[in-house]
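Now for the letters of each chain:
Number of protein chains: 2
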Amino acid sequence: MNLILLEPGDFLDSGLAGEPGSPVITTLRGRRFQHITEVHRADVGDTLKVGLLDGQMGEGEVVEHREGQITLRVSLHRAPPPPLPLTLILALPRPKMLKRTIQHATALGVKQLYLINAYRVEKSYWQSPWLSEEKLREQCVLGLEQAVDTAMPKIELRKRFKPFVEDELPDIAAGSRKLVAHPVTDTPCPVDIPDQTTLAVGPEGGFIPYEVEKLQEAGFESVHLGPRILRVETALPVLLARLFPGR
Amino acid sequence: MNLILLEPGDFLDSGLAGEPGSPVITTLRGRRFQHITEVHRADVGDTLKVGLLDGQMGEGEVVEHREGQITLRVSLHRAPPPPLPLTLILALPRPKMLKRTIQHATALGVKQLYLINAYRVEKSYWQSPWLSEEKLREQCVLGLEQAVDTAMPKIELRKRFKPFVEDELPDIAAGSRKLVAHPVTDTPCPVDIPDQTTLAVGPEGGFIPYEVEKLQEAGFESVHLGPRILRVETALPVLLARLFPGR
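Here the protein sequences come in this chain order: A and B.
Per the numbering used here, the very first residue in the first sequence carries number 353; after that it's consecutive.
Per the numbering used here, the very first residue in the second sequence carries number 353; after that it's consecutive.
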């Protein structure tokens, strides 16, 4: 938790009104209280990095510390890092990897994510409790707190590959550079591209040829990452670091 | 297991002698047998990617499939991917992350790895059973099988930061570009460098200022990865993708 992420509801008592940048008061309990006192070991007078969900970032000074709750005077005056110019289309990972993948993608600055079906996505993966809106949101919050960012990613689930690629993807990807990560191609993934990008990443074992063809029909270009075959959780940071180094 | 990794001991019966590239026979049991029959669902006549540990890669044709064992006719004729021109100095991660980090680093092509102590490495991490030579080797094998590579990384453990950095690191890093990943700097991590590189990566929470100073005294330059703070397991693929895209 490199950032204490605040939500509008945290300011119900004090209000977020007043001059932009003027300090407001919030009292935290539960997970954030525990983290601030046990990991940061912060006490009255200490200052922490804070950010308002989907809003500005700044500092929070501890002004009171009591049993089970801690009160911060919060000043927000800095924009979060700019989002990556990216829509990520990701074949649904196995449940064990889903949590980590959502956290990693969020920490890397992904703001638009479609989790889609593919031939090598096992049907049972769609039953995972980690796909509930609440659980996905929890992982996103962890990713934002890690990366020091406030902009919540939007995650959409699409359980049918063909209707998604044929009917919806053309609009989603319109005007963007369209890439699909696919080990079996001669074209290396480009480095440091300025364009708005739509990037499709397959499941373990990759998209099947039919799926790659459908994506190519939709204008997607196959690119590879080098001589080694990487798991999705390793491939994703590698892809984003190549496409958008330092962003 | 995108590659069936063979070891010299697998050829005890048939020998590895003869013309280079001439086929030899090996019979596999246990984990590899299970994977070949249950995941690849390979049977007599099918061909699998194989590689000899620290040797060549090629194909293995299934020539016999019996209860609990499978026999391959192996032909090795292709070099593994070239190693990254890198020595990685990594503060020992917490045990939960250690396994994954070793697998990821191996899959990314790291061949020289020092796991070192740092102020923010908890003492207890050094007690992890995952630090045994056998367990580290297991994780490396998984990384090689994933990435389709045969060159086993060399991993060294150094439990004292100062003697390592003062007495040993100068020789290890001699003649190489020296970088330390450190969020608090203005210099971005370079992209696509041709040089042999020594890269130091801190623990969760980063190296402390004293440690960064010691590394700077040893000629290391601090570089950052962009506006977001990443976990070691995400930062590592991002760093290597920036330094050596496509390698």
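Hints are supplied without guarantee of correctness; some may be wrong.
Note that the list lumps identical chains together, so a pair holds whenever it fits in one copy or between two copies.
[To be verified] Keeping only pairs whose Cα atoms sit at most 25 Å apart, straight-line, the calculated DMTMM-like set for lysine to aspartate or glutamate is: (1) K566 x D398; (2) K401 x E585; (3) K401 x D538; (4) K566 x D519; (5) K487 x E508; (6) K448 x E390; (7) K448 x E556; (8) K511 x D547; (9) K448 x E565; (10) K566 x E520; (11) K401 x D523; (12) K451 x E486.
Derived from the structure by calculation, the hints contain no laboratory data.
Within, between, both or neither, where K487 and E508 count as close if Cα-Cα is 25 Å or less: For K487 and E508, the Cα distance is within 25 Å only inside one copy (13 Å; across copies 39 Å).
Treating 25 Å as the Cα threshold, decide for K448 and E556: within, between, both or neither. both (13 Å within a copy, 22 Å between copies)
Between the shortest in-copy and the shortest cross-copy C-alpha distance, which are at most 25 Å for K448 and E565: within, between, both, or neither? Answer is neither; intra-copy 29 Å and inter-copy 39 Å both fail.
Treating 25 Å as the Cα threshold, decide for K401 and D523: within, between, both or neither. Intra 38 Å, inter 40 Å, cutoff 25 Å: neither.
Between K566 and D519, at a C-alpha cutoff of 25 Å, which is it: within one copy, between copies, both, or neither? For K566 and D519, only the intra-copy Cα distance (12 Å) is at most 25 Å; the inter-copy one is 58 Å.
Within a copy, between copies, both or neither: where do K566 and D398 come within 25 Å Cα-Cα? neither (55 Å within a copy, 28 Å between copies)
Could you figure out if K401 and E585 sit no more than 25 Å apart (CA to CA) within one copy, between two copies, both or neither? between (28 Å within a copy, 23 Å between copies)
As a check of your reading, is K448 near E390 (CA-CA no more than 25 Å) within one copy, between copies, both or neither? Classified as between; 20 Å across copies, 28 Å inside a copy.
At most 25 Å between CA atoms: does that hold for K401 and D538 within a copy, between copies, both, or neither? This pair counts as between: shortest inter-copy Cα distance 19 Å, intra-copy 45 Å.
Measure nothing new, just compare the shortest in-copy and cross-copy C-alpha distances for K511 and D547 to 25 Å and report within, between, both or neither. neither (28 Å within a copy, 46 Å between copies)
Measure nothing new, just compare the shortest in-copy and cross-copy C-alpha distances for K451 and E486 to 25 Å and report within, between, both or neither. The answer is within: 12 Å in one copy meets 25 Å, while 29 Å across copies does not.
First find the shortest C-alpha distance between K566 and E520 inside one copy, then the shortest across copies, and answer within, between, both or neither for a cut-off of 25 Å. within (13 Å within a copy, 54 Å between copies)
Violated hints, listed in ascending order, are 1, 8, 9 and 11; each of the other numbered hints is respected by the structure.
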